[in-house]
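Quick note: the sequence shown, position 27, residue 84 per my numbering, numbers continuous.
In short, the hints are calculated from the structure, not lab data.
Some clues are possibly wrong.
[Unchecked claim] For each label pair, taking beta carbons as the anchor points, the in silico distance ranges come out as: (1) Gln69 with Trp102: 20 to 28 Å; (2) Gln69 with Lys128: 56 to 64 Å; (3) Arg111 with Pro68: 34 to 42 Å.
Here the structure is a predicted model, which means the values were calculated and not measured.
All C-beta atoms, glycine included, are put in the ideal place defined by N, C-alpha and C.
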Amino acid sequence: GARHLVDLEAPQNSDADNDGFPGAGAVAFYLWGINPLDPSPAMNWFERQAERIREEEDRVGRLNVLRRLSKLFVDK
Numbered sequence: 058g059a060r061h062l063v064d065l066e067a068p069q070n071s072d073a074d075n076d077g078f079p080g081a082g083a084v085a086f087y088l089w090g091i092n093p094l095d096p097s098p099a100m101n102w103f104e105r106q107a108e109r110i111r112e113e114e115d116r117v118g119r120l121n122v123l124r125r126l127s128k129l130f131v132d133k
């Protein structure tokens, strides 16, 4: 993921004309299904998925608060 973006700063991982291309970092990106020459589509997808997860966590958190509150008042 994002912590490996620094790998793309090396020419052997980000420049197809470089004699060392594809370097180990570029190969790793390819294995993850990400084009190291243009990782933005994958990064955009990851960000959308992260946002969906955050929204779901917020929704579940609110439901848990409501359940606890209802137990305080209904179970008495």
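Looking at the structure, which of the earlier hints fail to hold? none
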